[in-house]
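Using the sequences provided together with the hints, build the complete structure.
Protein sequences, first through last, are from chains H and W. This note's numbering numbers the first residue of the first sequence as 65 and each following residue consecutively. This note's numbering numbers the first residue of the second sequence as 3 and each following residue consecutively.
If you're looking for bench data, these hints aren't it; they were derived computationally from the structure. Owing to the predicted nature of the structure, the values given are computational and were not obtained by experimental measurement. Take these hints with a grain of salt, some might be off.
As the list claims (entries may be wrong) - Calculated lysine to any residue pairs in the SDA-like style (CA-CA distance at most 20 Å, straight line):
hint, chain 1, residue 1, chain 2, residue 2
1, H, LYS67, W, LYS106
2, H, LYS156, W, LYS5
3, H, LYS230, W, LEU13
4, H, LYS67, W, ILE103
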Amino acid sequence: MKKILLYSTAIFVAVITFLPFLWMISASLMHQGQANTYPPRLLPESIDTSHYYKLFSSLDLSGYLVNSVVISLGVTVFSLLINSMGGYAFAKFRFRRKDTIFNFLLTSMIIPGQVTMLPVFLTLKNMGLINTYWAIIVPGMASIFGIFLIRQYCYSIPDSLIEAAKMDGASDFKIYLKVILPLTKPILVTLGIFSFMGTWNDFLWPLIVMTDSGMYTLPVALANLMGEHVQDTELMMAGSVVTILPVLIVFLVLQKYYIKGIMMGSVKG
Amino acid sequence: MKKTTFSTLALFLGPGLAVLLIFFFLPVMAAFILSFTDFNIYSLGNPDYLRFVGFDNYMKLFSDDMFWTALKNTFYFVIAGGPLSIAASLGAAILLNSKLIRFKGIFRLTYFLPVVTTLVAVAIVWRYIYHPRYGLLNYFLGFCGIDPLDWLGDPHLAMPAIIIMAVWKNFGYNMIIFIAGLQNIPEELYEAASLEGASAWQKFRNITLPMLAPTTIFITIITMIGYFQLFAEPYVMTQGGPLNSTLSIVLYMYQEGFRWWNIGYSTAIAFSLFIIILIGTVIQFRVQKALEK
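The structure is reproduced here in structure tokens:
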């Protein structure tokens, strides 16, 4: 009896969670106007892929897709390199005021990003970087959370391993490259997914720094598209599918690492 | 181990700290200074027009009805949406932690899907789900005998609609953290309680909740900080309307700063948000200290 109750609750919640996605996919494949009927349809009468065709032909969604891919990959690559070096340094190097500096960084995580937006925008404008990929990539190259995540992981690497490499005459950078990077691979994957998905899904910052419509990322393009096509439910749903699909695939392939990252992030430093 | 040389430190920490300094710490200070100026579209063209105005921007906030509305709406979202979202996360975590349930992986994955998907895209999907005539929600509510509601068009319903969507979008994230917390509770505690004839509710009240307290505090803080930054949902679903009933602090900051270029005023709004979050966090830590005693 209790078991039935538990299962029906679990399935009910699963249906509620999944239904919006199901309807999104289904409506994106309906004929024009079919998503606006009463009673609402859950499944298309027959499959119609013309909305996807329209998105990629006349509405040039492929350009925005390229923008999103390049920017997200750019942030991911740079942030992995810079945060892993920083995190490793905070974990294993010995220097004065190390803990003071690190605690200062951790504490400042409470400052909401919106505070910095206007000054950063003005800085990027003076550097001539507004409406370039760099406007999103450069400020995203380092993050306190990323440094924190790598640092926590590096503590599990025994000092003796680093000492041994030093005895062999390896330079600090070579140790990082040949010893630390291979050993921290799991957390690098985790941080990589966080950076990629965080950048892909972000809305406010790209909205601010990409004022030229050719530079829009997918979420900004989608929000903009709705201004003109709010009545084209099927078209908007197709656009949503295209926006969501890439992150969903990344997540489904690498979900183990993502979940681990959330749990590590929740352990107090 | 001997001290690391300066050149090595500069190589490893230099890039990261430089980026954080230029794009985070200096901008925080710059924003603080800007919030005491009348920096606007005129001084953007010619900095000679820039003047220090002392606390004028902050004083103006106090008499600005729009700011009070944004403040009230944001608090509504945080105070109603936050606990609802945390309760949903805890409920889902307890459900999936039960020994009676199989296929845990699939359920967990499904519950988690909204978390990883693009907020703008799902906000658009929900906009249609909330449609008064053709939306799925009203259709299903019709089965329960509830008349169609104009979710996003009614000033009293727009914020609840955004809260429902936010709970749906976010509960999976905290659920994962709660599951980890639940698995750290020793099984013997429950067995001992069962031997003494404790009911399920008593076990929840006297074992689960106290043992989860540190996790709950952590979740409350990150959820609160995140919810105070409400922006994309109203931007996409309601543009802050109807009748400003979903205008949030960040949306107002965005409009003042990036639409009207009232930069000085906009940074004052952003700093007020920071101060509110700071106070909220300090209160949470105090509660944690009090609970530990």
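Results for each hint:
1. H:LYS67 / W:LYS106: Holds, at roughly 14 Å.
2. H:LYS156 / W:LYS5: holds (10 Å)
3. H:LYS230 / W:LEU13: holds (17 Å)
4. H:LYS67 / W:ILE103: The hint holds at about 7 Å.
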